[in-house]
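Residue numbers (the working numbering), protein chains in the order written: chain R, 1 to 111; chain S, 1 to 813.
It cannot be assumed that every hint is accurate.
Stated by the list, open to error - In the DSS-like style, the derived pairs of lysine-lysine whose C-alpha atoms are separated by at most 25 Å in a straight line are:
no.	chain 1	residue 1	chain 2	residue 2
1	R	Lys22	S	Lys558
2	S	Lys515	R	Lys79
3	S	Lys79	S	Lys54
4	S	Lys558	S	Lys515
5	R	Lys79	S	Lys358
6	S	Lys594	S	Lys671
7	S	Lys587	R	Lys22
8	R	Lys79	S	Lys79
9	S	Lys218	S	Lys146
10	R	Lys22	S	Lys761
11	S	Lys218	S	Lys318
12	S	Lys761	S	Lys658
13	S	Lys2	S	Lys54
14	R	Lys79	S	Lys558
What the hints assert, rightly or not - Label pairs and their computed distance ranges (CB to CB):
no.	chain 1	residue 1	chain 2	residue 2	range
15	S	Thr592	R	Asp6	22 to 28 Å
16	S	Thr27	R	Leu10	47 to 53 Å
17	R	Gly84	S	Thr392	21 to 27 Å
Said to hold, decoys possible - So, partial list: chain S residues that the calculated Cβ filter (under 10 Å) puts toward chain R:
no.	residue
18	Lys358
19	Cys427
20	Cys485
21	Ser545
22	Arg546
Keep in mind the hints are simulated off the structure, nothing from the lab.
The structure displayed is predicted, hence computed values, not measured ones.
No residue lacks a Cβ here, since even glycine has one placed at the ideal position from N, Cα and C.
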Amino acid sequence: MTDWIDIGPLDAISPRGARVVKTRAGCVAVFRTGDDRVYALDNTCPHRGGPLAEGIIHGASVTCPLHNWVFDLETGIAKGADSGSVATHPARVEDGRIYLDLSQLESRKAA
Amino acid sequence: MKKLVVIGAGMASGRALEHLLEAAPDTYEITLFNAEPRGNYNRIMLSPVLSGEKTYEEIVTHDDAWYVANGVTTRFGEKVARIDRDRKVVVSETGDELAYDKLLIATGSNPFIVPLPGHDLDGVIAYRDLEDTNRMIDASGIPGAKAVVIGGGLLGLEAAAGLRLRGMDVTVIHIMGHLMDRQLDAAAGYLLRKALVDRGIKVMCSANSKEIRGEDGKVRALLLEDGTELPCDLLVMAVGIRPNVALGKEAGLAVGRAIHVDDQMVTSDPDILAVGECVEHQGAIFGLVAPLYDQAKVVAQTLLGEDATFVQRQVSTKLKVTGCDLFSAGDFADGEGREDIVFRDPARGVYKRLVIEKDKVIGAVMYGDTADGNWFYGLIKDGADISEMRETLIFGPAFQGGAAADPMAAVAALPPEAEICGCNGVCKGQIVDAIANGAADLGAVRAVTKASASCGSCTGLVEQVLAVTLGDAFQLPASQPMCGCTELTHEDVRRLIKAQELKSMPAVWQELGWKTKDGCHVCRPALNFYLLADWPLEYTDDPQSRFINERKHANIQKDGTFSVVPRMWGGITNPAELRAIADAAEKYDVPTVKVTGGQRIDLLGVKSEDLPFIWADLNAAGLVSGHAYSKGLRTVKTCVGTDHCRFGTQDSTGLGIKLEKALWGSWTPHKVKLAVSGCPRNCAEATCKDVGVVCVDSGYQIGVGGAAGMDVKETQPLALVPTEQEAIDMTVAFVQLYRENAKYLDRPYKWIAKVGLDWVKDQIVADPDNRQALIDRFAVSQSVYQKDPWAEHAAERAETYTPIANLTLEAAE
Ligand code: SRM
Ligand SMILES: Cc1cc2nc3c(=O)[nH]c(=O)nc-3n(C[C@H](O)[C@H](O)[C@H](O)COP(=O)(O)OP(=O)(O)OC[C@H]3O[C@@H](n4cnc5c(N)ncnc54)[C@H](O)[C@@H]3O)c2cc1C
Ligand code: SF4
Ligand code: FES
Chain R
1 MTDWIDIGPL DAISPRGARV VKTRAGCVAV FRTGDDRVYA LDNTCPHRGG
51 PLAEGIIHGA SVTCPLHNWV FDLETGIAKG ADSGSVATHP ARVEDGRIYL
101 DLSQLESRKA A
Chain S
1 MKKLVVIGAG MASGRALEHL LEAAPDTYEI TLFNAEPRGN YNRIMLSPVL
51 SGEKTYEEIV THDDAWYVAN GVTTRFGEKV ARIDRDRKVV VSETGDELAY
101 DKLLIATGSN PFIVPLPGHD LDGVIAYRDL EDTNRMIDAS GIPGAKAVVI
151 GGGLLGLEAA AGLRLRGMDV TVIHIMGHLM DRQLDAAAGY LLRKALVDRG
201 IKVMCSANSK EIRGEDGKVR ALLLEDGTEL PCDLLVMAVG IRPNVALGKE
251 AGLAVGRAIH VDDQMVTSDP DILAVGECVE HQGAIFGLVA PLYDQAKVVA
301 QTLLGEDATF VQRQVSTKLK VTGCDLFSAG DFADGEGRED IVFRDPARGV
351 YKRLVIEKDK VIGAVMYGDT ADGNWFYGLI KDGADISEMR ETLIFGPAFQ
401 GGAAADPMAA VAALPPEAEI CGCNGVCKGQ IVDAIANGAA DLGAVRAVTK
451 ASASCGSCTG LVEQVLAVTL GDAFQLPASQ PMCGCTELTH EDVRRLIKAQ
501 ELKSMPAVWQ ELGWKTKDGC HVCRPALNFY LLADWPLEYT DDPQSRFINE
551 RKHANIQKDG TFSVVPRMWG GITNPAELRA IADAAEKYDV PTVKVTGGQR
601 IDLLGVKSED LPFIWADLNA AGLVSGHAYS KGLRTVKTCV GTDHCRFGTQ
651 DSTGLGIKLE KALWGSWTPH KVKLAVSGCP RNCAEATCKD VGVVCVDSGY
701 QIGVGGAAGM DVKETQPLAL VPTEQEAIDM TVAFVQLYRE NAKYLDRPYK
751 WIAKVGLDWV KDQIVADPDN RQALIDRFAV SQSVYQKDPW AEHAAERAET
801 YTPIANLTLE AAE
């Protein structure tokens, strides 16, 4: 079952920018691409824990700010030579507001 | 006969009536109301009427004779005021009542008027109907009249182009970063803007309107948020439309964003149907005619009791401005498993982008050459499998079915008279001749033939001609491209940004043929620097193209916290500053306070959300950002000099402070560190800095190109100057020369190794005029960039440092 949470207006994130959502199961990074797509991924880089929300966003990818691993925002999988992945969460925009479905996080916490 | 009443004689109902009358002329007795004092005309052709390319008579679709011949009773210029569903009558604004068996609502949309102060002034109009069009034509007849158009979408641009063709001075204000942002990506938006600017239309993007100013009840000017005032005699608002639902809503029909209809175009009342922009179907509303025509067909069949279903389909957009060829269709956002095929031909101003998903084209944007637009649109609509023609797809239908295109083979097959370099008109034969006469590399071919010497966009082709002609003897030049997005080197890009006056990222991407849509983490920070260094007044810094440290004005730590280093001019501080630093360290629980190697204090381990607050506290004590995170001026180390030291020859501390005050805030290709020592004992370690000054009895020895990081380099002497002012001038000119010429991420020592110290000396020491020009350009840049980013961010951007939402505070489930 999906459980959409309104986390704020799209305008609160600049194009090619990101902000984090704090949850009890850790921070989730919410990315806005140059063409206004929105993605939500765990904020923690699988390499050495870099905060992905602070990375440079290009196309539908983000480059980790610490050691430049590049992740596909849709799949959360590292691109190129690096291997690893971060969890992704459903995200959508409606009437200018961002909605996330973090049920997966909740179940992880409960597990 | 049953009675059909139609409200609105627009494009949708017009088409519905045609279908209905054609299929069964005698089923209904039809009455057609229209608020406009005329029948159906082709609304989308108002733009050619405005520009003078057509007359109103030419765009009428149904004239009086048509209505008479088809037995339609027309009540034009008469608005329907109310629908009484219980009695099944409509009430017109004159109070007249008319009974119906079936009612068709086709009231279209209303233009949206932004409720800015002054929106009701005379001269403020929308762009929707013939009245609006005629008012624009009248306004343009007054010599010297100025127009402002708010809205850089389809309608706004067609209005602007039409007014411009009629000789008006036109400015378009658009709130988003590029024109037609709903239909185009930034690259195509850039080309469109260029074409409009070429026709003399002023275009301001990312501009917010604040107030419309008037005089004697008439519009006089538009005031923008940033304080700019744009004088105008006519203000056209083209910011969007709102479905015209008032009648339906009041009558109690189900209404969301527009009047709800089912797949048969029937509203929540079985006897009332609706068609056109006033309807909402499965959550969607409509603004282009193609889907409305589909609806019209369905509504006619439903009225005849036939089975028909309206299915939404992809729409495509074109702009009806003669000479601006653009096309967009489908979905062209990024996404998983989606790939872009991008083609750019800078010389012709062509840009094409296809978005592919699972071997299907799902979106297309093109500018400059839209001849294949409909073919791509067909592929999108049909969901055609393109895996077979993928390699050549972007070249359009003409290239399909042949052998796979190998670029080398293609170049080899070119006839000698094929033009390679468009700028200099050099054809393949001339290049082959030059090679036969001994030109063995790109530089030599360029020197002999001028091919690739101007815009450089044909460099790759020239190299391919070399490779094909020389075979194994040809070695591709060792210079590395900037990144995977381009074949050009940093040096090429810097040169072309200046030569072609490229002043925005999309301009660079397009004109230099970038292979990706919006660059990558390697090229974006470099481009951002090149653009702001070369065009400080025209280019706006892009925080999203900066590495995190520069975006957040603090060094990120390995645990995601940040360090805060305030400036300590020349290493001099005082008790008040130290107290403020101590207070801040306590207040924000700073775990580590460290004296840096750069003569100042580092507060390490500050949380992102605390940054704006700790900065505000430090600002209050007069402390500003030390830019310890920047590719910019870092520290100016000094020693105590003549103030206290028994050996000091000049005021090294004073000069250090003056240099830091002159240079702080400037962005540079890599970090820049300075030091000033009071005597050759060199306690400030000036001989291993990017610029180091050693004071001597006769004046100031200025050295450049030192470093003490991964490479240890001693400075090389630039000049010995007698006065402090000359020492400052030489230093500022050197920094500006470095800013204008070096490759991003080259420290000065690396750059000097490439250009030679002699060249640097020629520019700065031997040529006082050039030195002054460099100093003047630096001053222009500092007028924009010498400001404390901490103060600015604490005041205006604090919220971006905080989480967008905090769900830890919600009650436990
Ligand atoms: C804080 C400080 C060390 C200290 O505690 O003293 C420091 C800390 C860092 N230095 Fe440094 N450098 C510091 C003085 C130096 C010095 C000494 C100096 O400036 O006199 C040098 C050698 C001089 C030179 O630059 O030539 C120095 C040579 C480097 C280098 C190598 C640069 C090179 O061109 O070889 C790097 C890496 C880089 O910039 O790419 C670096 C990079 C770094 C970074 C920014 C690494 C990073 O990218 O995260 C460190 C940030 C730590 C943090 O989390 O805040 N740091 N670094 C010093 C800050 C000075 C200041 O007040 O701004
Ligand atoms: C300048 C311009 C250029 C355009 N260019 C394009 C283009 O290139 N491509 C494209 O696909 N689309 C274009 N459009 C959009 C297109 O014109 C509309 O999508 C289309 O006209 C909508 O048709 P409609 O029948 O729903 O509404 P309309 O054509 O607006 O007709 C509605 C009619 O209902 C009347 N009405 C409203 N309320 C009442 C009432 N209470 N009583 C009686 N009558 C009433 C109105 O006066 C109006 O005449 C353009 C629009 C404009 C203004
Ligand atoms: S020397 Fe290395 S570890 Fe120490 S501060 Fe500089 S970059 Fe960091
Ligand atoms: S922590 Fe992300 S790349 Fe190293």
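- Message: With the threshold set at 25 Å, check whether the alpha-carbon distance from Lys2(S) to Lys54(S) stays at or below it.
- Response: Answer violated: Lys2(S) to Lys54(S) is near 39 Å, above 25 Å.
- Task: For the pair we were handed, Lys515(S) and Lys79(R), check the Cα-Cα distance against 25 Å.
- Result: Holds. Lys515(S) to Lys79(R) sits at ~18 Å (cutoff 25 Å).
- Query: Given the hint that Lys218(S) pairs with Lys318(S), does the C-alpha gap stay at or below 25 Å?
  - Reply: violated, 34 Å
- Hey, Lys594(S) versus Lys671(S), does the alpha-carbon distance stay inside 25 Å? Holds, because 21 Å separates the two Cα atoms, which is no more than 25 Å.
- Message: Check the hint pairing Lys79(R) with Lys358(S) against an upper bound of 25 Å on the C-alpha distance.
- Response: holds, 19 Å
- Task: May I ask you to test the interface hint for Cys427(S) with respect to chain R, counting a Cβ-Cβ separation under 10 Å as satisfied?
- Result: violated, 37 Å
- Item | Hint check for Asp6(R) and Thr592(S) - Cβ pair distance inside 22 to 28 Å | With Cβ atoms ~39 Å apart, the hint is violated.
- Query: If you draw a straight line from the CA of Lys22(R) to the CA of Lys558(S), is it 25 Å or shorter?
  - Reply: holds, 19 Å
- Pair hint Lys218(S) and Lys146(S), alpha-carbon separation not exceeding 25 Å: Holds, because 13 Å separates the two Cα atoms, which is no more than 25 Å.
- Task: Answer holds if the nearest beta-carbon of chain R is closer than 10 Å to that of Lys358(S); otherwise answer violated.
- Result: violated, 14 Å
- Message: With the threshold set at 25 Å, check whether the alpha-carbon distance from Lys79(S) to Lys54(S) stays at or below it.
- Response: violated, 28 Å
- Message: With the threshold set at 25 Å, check whether the alpha-carbon distance from Lys587(S) to Lys22(R) stays at or below it.
- Response: holds, 23 Å
The earlier numbered hints that this structure contradicts are 3, 4, 8, 10, 11, 13, 15, 17, 18 and 19.
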